[in-house]
Amino acid sequence: GAVVSQHPSRVICKSGTSVKIECRSLDFQATTMFWYRQFPKQSLMLMATSNEGSKATYEQGVEKDKFLINHASLTLSTLTVTSAHPEDSSFYICSATRGGTSSYNSPLHFGNGTRLTVT
Amino acid sequence: QKEVEQNSGPLSVPEGAIASLNCTYSDRVSQSFFWYRQYSGKSPELIMSIYSNGDKEDGRFTAQLNKASQYVSLLIRDSQPSDSATYLCAVEERGSTLGRLYFGRGTQLTVWP
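Those protein sequences? They're chains A and B, same order as listed. Here the working numbering is used: the first residue of the first sequence is 1, the next is one more, and so on. Here the working numbering is used: the first residue of the second sequence is 1, the next is one more, and so on.
In isolation and in its complexed conformation, chain A is listed as follows (with noise of 0.2 Å):
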């Protein structure tokens, strides 16, 4: 079964109207979390890598007063739209990973991904 849960898995709303994203590490802390973004027919772009208990950190080109990151526990981190525009809509994934020296030998697990739309 899924070892992360993302939530809401679709979700649209109006421009001007902020959006929070859920993702949970079901059976396993997760000092580290992370989101990307992907539009269609492109990759998965990094945003940003959430820390438990400090600021996320964010990759270059990426508005952290737009995107804002919370990872308040050890299996929650939020990523929260604030003031969604048209251009926000995408494909928002979260992963985790249950730690290790590599994730060759501890693998990224992928929540199912949230589709958000901005009308």
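Calculated directly from the structure, the hints in this document are not laboratory data. Everything numeric in this text was worked out from a predicted model, so none of it was measured. Yeah, the Cβ is synthetic: ideal placement off N, Cα and C, and Gly gets one too. Be aware that a few hints might be false.
DEER-style ranges, computed between Cβ atoms [unchecked claim]: (1) A:F28 - B:Y71: 32 to 38 Å; (2) A:S83 - B:D58: 29 to 35 Å; (3) B:S20 - A:K66: 37 to 43 Å; (4) A:S83 - B:P113: 46 to 52 Å; (5) B:N66 - A:K20: 42 to 48 Å; (6) B:K42 - A:S83: 41 to 47 Å; (7) B:S40 - A:G16: 39 to 45 Å; (8) A:K14 - B:I18: 44 to 50 Å; (9) B:R60 - A:S106: 22 to 28 Å; (10) A:G53 - B:N66: 36 to 42 Å; (11) B:P113 - A:N51: 26 to 32 Å; (12) B:S40 - A:K66: 25 to 31 Å.
Following the hints, position chain B against chain A.
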């Protein structure tokens, strides 16, 4: 970001054929390499991982790594229509945060019956 290049395709092969997917990456500090399969509207699922030069086989899948050429490939033998998906190549950099992967754009594979 690190560059991970893939031929976007589409790659079309008949059922039962071998599908060959290729990926190159831009620097030599990459240490682990991954192939993910992604169906439309779904999240990626891990197919193969490899970190040492040579071949690694798992069922119908073989990953090949050549670090000198900065090249990793995925072969799918006896391709099935259910293999039709987008295949993403990903690399992990040595010393980077665990789980921090860089993805290629993906190659769309269609296996026709």
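Each hint, compared with the structure:
no., hint, verdict
1, A:F28 - B:Y71: 32 to 38 Å, "34 Å, holds"
2, A:S83 - B:D58: 29 to 35 Å, "45 Å, violated"
3, B:S20 - A:K66: 37 to 43 Å, "41 Å, holds"
4, A:S83 - B:P113: 46 to 52 Å, "48 Å, holds"
5, B:N66 - A:K20: 42 to 48 Å, "44 Å, holds"
6, B:K42 - A:S83: 41 to 47 Å, "28 Å, violated"
7, B:S40 - A:G16: 39 to 45 Å, "30 Å, violated"
8, A:K14 - B:I18: 44 to 50 Å, "49 Å, holds"
9, B:R60 - A:S106: 22 to 28 Å, "25 Å, holds"
10, A:G53 - B:N66: 36 to 42 Å, "41 Å, holds"
11, B:P113 - A:N51: 26 to 32 Å, "47 Å, violated"
12, B:S40 - A:K66: 25 to 31 Å, "27 Å, holds"
The structure shown violates the earlier hints numbered 2, 6, 7, 11.
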